[in-house]
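Residue-level listing of the chains:
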Amino acid sequence: MDRLFDVVAIFSLVLIVWVLSSVRRAHIRVEYSVSWLLAGAVLLILARWRTLDDWMAAALGISDSFIALAMIAGAAFLVVLYRLSLRISGLKDSSITLAQQVAILEFRLDALSEKKKL
Amino acid sequence: MTLAVNQAGNQSAKRLLVLIPAFNEEGAVAGVVAEVRSAVPGAPVLVVDDCSGDATRSQARGAGAMVLALPHHLGLGGCVQAGYRLAYELGYDYVIRVDGDGQHDPRDISTVLAALEKGDCEMVIGSRFMDDNGAHTSFVRAAGIMFFRAVLRPILGRPVRDPTSGYVGVNRTALELFSATFPLEYPEIEALVVLQRKRFRFVEVPCRFRPRRSGRSTITAVKSLYYIIHVLLGVFVNVLKFEGRRK
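So the sequences go chain by chain: H and V. Following my numbering, the numbering of the first sequence begins with 4 at its first residue and continues without gaps. Following my numbering, the numbering of the second sequence begins with 432 at its first residue and continues without gaps.
Honestly, the hints are just simulated from the structure, not real lab data. Source: prediction; values computed, not measured. Note that the Cβ used here is the ideal one computed from N, Cα and C, for glycine as well. Any given hint could turn out to be false.
25 Å max Cα-Cα, derived DSS-like pairs, lysine-lysine [stated by the list, open to error]:
no., chain 1, residue 1, chain 2, residue 2
1, H, K95, V, K654
2, V, K672, H, K95
3, V, K672, V, K629
To give an idea of the chain H side of the interface with chain V (calculated C-beta under 10 Å), a few residues [said to hold, decoys possible]:
no., residue
4, G93
5, L94
6, S98
7, I99
8, L101
9, A102
10, V105
11, A106
12, F110
13, R111
14, D113
When you get a sec, could you build the whole thing from the sequences and use the hints?
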C-alpha cells in the first residue's frame with residue numbers, strides 16, 4: 004500500500020515539474036497552470052500525509068485510505084478539466100464571433116475598394 | 432454581378448438576399464448560383480465560404496455571387512450566422528437560405544418569399560414532405576426526421592414535417608434574433624426551438640429537393656448517433672430557457 008502512495012507522490016512531483024517547465028517555456032499561460040499546480044500540490048500533500056488520508060477515509064466512510072486519496076484526486080482532476088472545458092467553450096465562442104466579424108469587415112472593405120475603382 | 436453593383440442596386444433588389452452556405456462545393460456552387468440568379472433575377476446572392484480548401488470561392492465569384500469568406504472553418508451554424516449577421520447589417524428584409532450542394536431547387540424561392548411576405552410568420556421552412564415533391568432521403572435520415580418530429584411536436588405545440596430542412600427563409604425580425612443567437616452545429620432543429628422560445632412563428636411550404644450534385648453530406652452514417660445526441664441536448668438546453676408559447 005505504501006508503494007502506491009509513493010507512486011502518487013512521484014506522479015504529483017512529475018506533474019508539478021512538468022507544468023512549471025511548460026510555464027517557463029511559455030507553452031502554457033500562468034493562469035492556466037494554477038489549476039494543475041494546485042491539483043498536483045493537493046495530491047502530493049495527500050500522498051505524504053497519511054493521517055489526513057485516514058481522516059478523510061473515515062469521513063467518507065471508506066475503509067481504505069488509498070481509495071479515498073484516489074477519489075479526491077479524481078474529483079480534483081475532474082474540476083480542473085471542467086474549468087478547462089468552460090474556458091475552451093468561451094474561447095470557441097469568441098473565436099467564432101471574431102472570425103465572423105473579420106469576414107464581414109473584409110467584405111465591407113472589398114466593397115469600398117470596388118466602389119472607389121468604379 | 433459585382434459586389435459594388437449589388438450594393439448600389441435598387442431598393443427592391445436589396446430587400447431579399449439569397450444566402451448560400453458552402454464548404455468544399457466547387458463542383459456545385461456555380462450551378463446553384465446561376466440557378467438562383469435565373470429564378471430570382473435581381474436578388475443579390477451571397478455565398479458564405481466556410482474556409483473551403485477547393486475552388487468554391489472563385490467558382491461562386493465567377494458565377495456572379497458576392498462571397499463572404501470566413502478566415503477559418505466554423506461549421507454550418509457559424510457559417511450561416513455569419514451570413515445572417517451581414518444581411519442584418521446591410522438592412523435586408525428577407526433572407527432565404529439555399530444549400531450550396533444543389534439539393535434545394537431555387538425555383539421554389541418564390542414560394543418561400545411569398546409565404547414570408549404574407550407577414551404571418553417569422554420563418555418559412557421549405558419542406559420536402561408536404562407534397563409528393565421528389566424527396567430524396569436515405570433510410571437513416573428519414574428515421575432521424577421521424578424521431579425529431581416526435582420530439583419537437585410537444586415542444587413546438589404543433590407538428591413540423593421537415594425539421595431538418597435547410598431550405599429556410601427568415602424575415603428581418605428572425606434575422607435580428609439569429610444574428611445574435613444561432614445554434615452552431617446542425618442548426619436547423621435547434622433554430623426551431625430558439626424561434627419558439629421567442630414566441631416567433633413558422634410555416635412550412637412545399638419545396639422540391641434533389642440529390643446533391645457533388646460532395647458528401649456533413650452528416651454521415653457514423654456521425655448520425657453523435658448528431659442525434661448533440662441535437663437532443665441542444666433542444667433540451669433551449670427548452671430549459673423557454674419563455675412561453677405563442678397562443
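A quick look at each hint next to the structure:
About 21 Å separates the Cα atoms of K95 of chain H and K654 of chain V, which keeps this hinted pair within 25 Å; it holds. For the hint pairing K672 of chain V with K95 of chain H, the CA-to-CA distance comes to about 21 Å; that is within 25 Å, so the pair holds. Annotation: proposed proximity of K672 of chain V to K629 of chain V holds, straight-line Cα distance about 10 Å (limit 25 Å). Residue-level restraint check for G93 of chain H is violated (minimum Cβ-Cβ distance to chain V is 14 Å; threshold 10 Å).
Below 10 Å, beta-carbon pairs count as interface contacts, and L94 of chain H has none with chain V, the closest being about 13 Å; its hint is therefore violated. At its closest, the beta carbon of S98 of chain H sits 8 Å from a beta carbon of chain V; the interface hint therefore holds under the 10 Å criterion. Given the 10 Å rule on beta carbons, the hint for I99 of chain H holds: about 5 Å separates it from the nearest Cβ of chain V. At a threshold of 10 Å, the smallest CB-CB gap from L101 of chain H to chain V is about 9 Å, leaving the interface hint in force.
At its closest, the beta carbon of A102 of chain H sits 5 Å from a beta carbon of chain V; the interface hint therefore holds under the 10 Å criterion. For V105 of chain H, the interface hint holds, since its Cβ comes within 10 Å of a Cβ in chain V; the closest pair sits about 5 Å apart. Interface hint status for A106 of chain H: upheld, as the beta-carbon distance to the closest one in chain V is roughly 5 Å, under 10 Å. The restraint placing F110 of chain H at the interface with chain V holds, with a minimum CB-CB distance near 5 Å, inside the 10 Å limit.
The closest approach between the C-beta of R111 of chain H and any C-beta of chain V is roughly 8 Å, which is under the 10 Å cut-off, so the hint is satisfied. A least Cβ separation of about 6 Å between D113 of chain H and chain V falls short of the 10 Å threshold, and the interface hint therefore holds.
Of the numbered hints listed earlier, those contradicted by the structure are 4 and 5.
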